[in-house]
Structure formats: C-alpha cells, structure tokens
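So you can see what is in the structure, the chains are spelled out below.
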Amino acid sequence: MMKVLVSVKRSVDYNVRIQVKPDGSGVVTEGVKHSMNPFDEIAMEEAVRLKEKGNVTEIIAVTVGGAKNEETLRSALAFGADRAVHVKEEGEIQPLNAAKALAAVFRKEGAQLFIAGKQAIDDDASQTGQMIASLLDLPQATFASKVEIDGNKAIVTREIDAGLETLEIDLPAVITADLRLNEPRYLKLPDIMKAKKKPVDVQSFASLDVTPGAGLKITKTAAPPKRSKGIVVKTVDELVAALKAKGLV
Amino acid sequence: MSKTLVIAEHADGKLSAAISKTVAAASQIGGEVHVAVFAVDGAAVAAQAAQIAGVTKVLTVNNAANNHALAATLAPQVVELAKGYSHVLFPGTTFGKDLAPRVAAKLDVQQISDIMHVHSATSFDRPIYAGNAICTVEAPASQLVIGTVRLASFQAAAGGNSAPVEAASVTASLPTHTRFVSLAAQKSERPELQSANRVVSGGRALASSENFKIIYDLADKLKAGVGASRAAVDSGYVPNDMQVGQTGKIIAPELYIAIGISGAIQHLAGIKDARTIVAINKDSEAPIFEVADFGIVGDLFTLVPELTGKV
Ligand SMILES: Cc1cc2nc3c(=O)[nH]c(=O)nc-3n(C[C@H](O)[C@H](O)[C@H](O)COP(=O)(O)OP(=O)(O)OC[C@H]3O[C@@H](n4cnc5c(N)ncnc54)[C@H](O)[C@@H]3O)c2cc1C
Ligand SMILES: Nc1ncnc2c1ncn2[C@@H]1O[C@H](COP(=O)(O)O)[C@@H](O)[C@H]1O
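Listed in order, the protein sequences are those of chains A and B.
My numbering applies: residue 916 is where the first sequence begins, and numbers increase by one.
My numbering applies: residue 152 is where the second sequence begins, and numbers increase by one.
This is chain A alone, in the form it adopts within the complex (with noise of 0.2 Å):
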C-alpha cells in the first residue's frame, strides 16, 4: 500500500506573453489563460508511471488556493490521480504558506511519497517541495530526471549545475520533478469525463490547523527594461565587421 501524494498548481499558461499592470500592482492574470504548472504535470505523470509499475497503489492530487483551482484538479484526475484535495484558500499562496498546508495533508493522509513540480512558472520561486521535505523531516530529492522505487528506499537522478547526480533515499521521502522526467501524456476525452466524478475532498488552512505566515510584501511589479530590436546584417562579413566594432571578437 503505498500512497503518493502529488501537488499540482494553477498557473498562467506557459504560452502566454506576460503583461504587467500599468499601476505596477501586478500582471495581468484576469481573461488570461491558465494551466496546470507544466512540472505539475510531469510530476503527475511520473506518478502515475509509478502506478502502472505496481509501485504505488493510490494517487492523490493537492492543491492550495482559490476556486478556480478546482479545475487544476479535474485536470489531475484525469491524468489518473485517484482522488484530490482541494485546500481552498483565495489570494496570493507563498511557497512556505503552500507548503505548510501541502504537509499537513501529507501528513494526514500518511503517504509514503511527495512529487511536486520543481518550480511554479509564475513565481518561479523553487521552494515549496524542499519546504515540505523540511517541514515533515524527510528527505529530499530535487531536480529530478529519473526516479526508481526500491522497496522502501528511491534511487533518484537529479539534474544540477555538475552534471547528473544520483542519490538514495530512504521513504518517506519528497521528490521535486525536472522537466525531462517524462513527457506527459495527452488527457483523452473519456479520462476527462471520469474525473468529473472522482471525490475532491475541500480543507482550508483552519482546518489542517495550518497558521500561515505573513511572508513577503510584493511592493512593486514593473517590466523588465526592455531589449531593442538590433539589425539584421546580410552577409557574414558585415556581422563579423559589426562584432569586431563592438570588440566582441
């Protein structure tokens, strides 16, 4: 009976060309469109492999933030998690608050393995999977690109600045996944109505006793200085000449 726990977040979608808000109070996230965290998804998928192995015998899906979210479920049970957990709580989410409740419901649920993505494509803060792993004590595997269930330890690769480093990991451990675990599969349209069915269980920070932190205050959002558009050169004589003005080579 092992149980994984995988946390899947709703984001602005990977394709969209970010616009911040002219009063610098944010970008604009209003009639955009939103998507699973595309390491959320990997992760999902790599959970569901794991099942597919025989290594895990339950999936449940976990998110932390408002209504919306619900459908960054739907999307993750049809990616075959077995059930969800929605802990509904609106505004911003920062990391330490994500993962405080994530734990809880690790906790409670008394899983045996944690994915989460290794980093949300809106903050992009890469924290909240070693946060839980702090949190609960256990340990951590970050980064990764291949995951082996051993009994109850993981063989994990992870992808750092070196090269690949492969680690074991005795369970219960917390797993962040990089984008070449796997590729994800294309939810089928039969899987997407199953999932309109399976359970999401809601919970909110009281009621996983969870106390969030006050946290960071995002004072100002502004744009990044903006490149100009350079010149196009026709041969490479031309361009070598331009480097060579600029003494770049």
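No lab work stands behind these hints: they were computed from the structure.
Treat the hints with care, since some could be wrong.
Unchecked claim - Now the in silico label distances, taken between C-beta atoms and shown as ranges:
| # | chain 1 | residue 1 | chain 2 | residue 2 | range |
| --- | --- | --- | --- | --- | --- |
| 1 | B | Glu317 | A | Gly1025 | 40 to 50 Å |
| 2 | B | Arg341 | A | Lys1144 | 26 to 36 Å |
| 3 | B | Lys364 | A | Lys1149 | 20 to 30 Å |
| 4 | A | Pro1114 | B | Val332 | 33 to 43 Å |
| 5 | A | Asp1065 | B | Ser386 | 26 to 36 Å |
Since this is a predicted model, take the numbers as computed values, not measurements.
We treat Cβ as the ideally placed atom computed from N, Cα and C, and that holds for glycine.
With chain A fixed as given, assemble chain B with the ligands onto it according to the hints.
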C-alpha cells in the same frame, strides 16, 4: 547593523565562482559578511573565500558527513550557524536552490529566490514569470532574511582580501536517510557556462550530436562556453547541464550567439542580461530576432563554418 552569512559552494577543494557574486550581493546589504564552508576539511576552500573582497570572516565547519553537498545534511548545520545573523545568502545555483528552502522552512521564514537587486537590507528585486516581470519584495524587518542570489545580476567581487578564518562548531544531529550514490559530471576544457565572457548556443536545428561540432568549433575559436536550448538537450544532442533558460542556466555573457534557436520565452529568460546577442536562424520571423542586436537570416550549416573561418 546587518550581518550576512554566505553559504559556500565548492567541489574538489575548489570554491565555486558563484560565491564571489553572492558575496557581491551580500556586500550591498552592508555590514559584516561571513562565508561559511561546510566540508570534511574546509581549509583550502576557506583560504580561497578569504581572498574575496568584502568578506570579513570565513568560518569552517568540518564534518565527515559533509563530503557531499546534501541539502538534508547541510540544512540543520546552516540553521544552527544562522543564529546571530540578519541575512543568510546562497548562490542561485542548483546547490543553493536545493538547500536554501530547507533552511528557510526550518526557521519559519519565507525565502526570497533569485535576488537581482538590493534596495536595502529588507527590500529586493526578483524576477517572476521567466523574467517577464520584476517584483520588489519587502521582508519583515524583525526577521532573518534568507535568499538566493541570481548570479547573472551581480559582478564578481574582486580578490586580494585576506579575511580571518575561524573554525566553527555546530552540534546539530544529522540525518542518514539521504545517501550520495554517484555524480556523472561532464568534464570540459571549455569556459564554464555561467562565468564565460562569450557563449555560443545551438538549438534543435543542429539535428544531431555530430552536427554540434560546428557549434564547438566556433566556440573554440572564440574561447567561448557552449550552451543549448531545451530542445537540443531533450533530443540528446548535448548533456542537460548545457541548457540555457528559465529552467536551465541563467547567463550574462558579453556576447551570446544563438544558432538555430527560435527564441521561446523560456529560452530568452536565460539570456536577458547578455550584453550583445547574435542570432543565426533561417526563419526571419523567429522571435529570437526581436531581442538580437545582430541577426543574420540563413542556413546555419553554411553560415556558421564561414563565421568560424572569419573570426
Ligand atoms: C516549463 C518549461 C520550461 C522550459 N524551459 C526551457 C529552458 O530553460 N530553455 C530552453 O531553451 N527551453 C525551455 N523550454 C522549451 C521552450 O519552450 C522551447 O520549446 C525550446 O526553447 C525550443 O528550442 P529550439 O529553439 O532549439 O527549437 P525550435 O523552437 O524548434 O527552434 C529551432 C529553430 O531553428 C531554426 N532552424 C531550423 N533549421 C535551421 C537551419 N538549417 N539554419 C538556421 N536555422 C534553422 C528554425 O527556424 C527555428 O527557429 C521550456 C518549456 C517549458 C514548457
Ligand atoms: N499553491 C500551490 N498548490 C499546489 N501546489 C503548489 C502550490 N505552490 C507550489 N506548489 C507545488 O510546488 C512546486 C514548486 O513551486 P514553487 O516553490 O512556487 O516554485 C509546484 O510545481 C507545485 O507542485
């Protein structure tokens, strides 16, 4: 008065080049800057850290358990050493990204990832949405600040210092649930991607690892580091540690040459701070041309060898 602890990254007795940049960010906070070296025997690494301008003290924490940089093993030691500091900074490398949140959660503080600008001891800029927006965050004044430093945003601090080195002892109990198995490192004679002055990158258009030779040839002529797009890495043309972008390496070379790379948002996130960008692509509509200082439209298989011959 601020007092910042910088956590050193090192391997094989060599301090990572990332630490001079992390110290540069720490110096902008003001006050004292200490560097902590967790190692089996940190003497050699500490001696290198002591030379970095702005460092006021180097602490070594020697422990046989520190022979590999495991976050689960290092975190309890950093947590203990962090007492008495106002800030703890980590380099924005996979080492720092792995470790910092583990420390922050234990100390119950929200971490600031990828610090790109220091406004004050409590106010910092950081990128969100792959660098397509920059937000200014304010940390609560009364609490420890924990952050990782975006290396592309800071110039390395100079050398020539001789800060005192002291042994520190920590009594944290260390877990045994995480064990190092192996590291498959790419040995390369070429300049390291994150500190190289010039970088040449290839994309999906290279179509095979054999074809990547033309990228290497140009790089060698320019004494440049070599990078790649995600598509080139995923297709197996080059190893993963060469990926440039939102989820790969963020770089700031003087010269960046993107060859057969379309310029997806996630790739551009890694090169926003390059001084000069050159694009070689056969599609004049490719988004890379919107950010390139110099572009040339054509087939890379003829243009790149010609360029290699002429620089
Ligand atoms: C969550 C997430 C994170 C990501 N992170 C990263 C990241 O960190 N880094 C990254 O790079 N990508 C990342 N990506 C992927 C990114 O979206 C693009 O898919 C990828 O960058 C495309 O790589 P490419 O430009 O090599 O390939 P393509 O987009 O296929 O572009 C190939 C280009 O080569 C040109 N070309 C073809 N043949 C020739 C020729 N003979 N001569 C000249 N030009 C030619 C084509 O015109 C085209 O522009 C990420 C994606 C997601 C969803
Ligand atoms: N509010 C949230 N709800 C569910 N999962 C989350 C949430 N925030 C973060 N996560 C998970 O943590 C990973 C890393 O997020 P971050 O630390 O914000 O970059 C994401 O890929 C998710 O798997």
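We went through each hint and held it up to the structure:
1. B:Glu317 to A:Gly1025: 40 to 50 Å: holds (45 Å)
2. B:Arg341 to A:Lys1144: 26 to 36 Å: holds (30 Å)
3. B:Lys364 to A:Lys1149: 20 to 30 Å: holds (26 Å)
4. A:Pro1114 to B:Val332: 33 to 43 Å: holds (39 Å)
5. A:Asp1065 to B:Ser386: 26 to 36 Å: The hinted range 26 to 36 Å holds for aspartate 1065 of chain A and serine 386 of chain B, with Cβ atoms some 30 Å apart.
Consistency note: the structure conflicts with none of the earlier hints.
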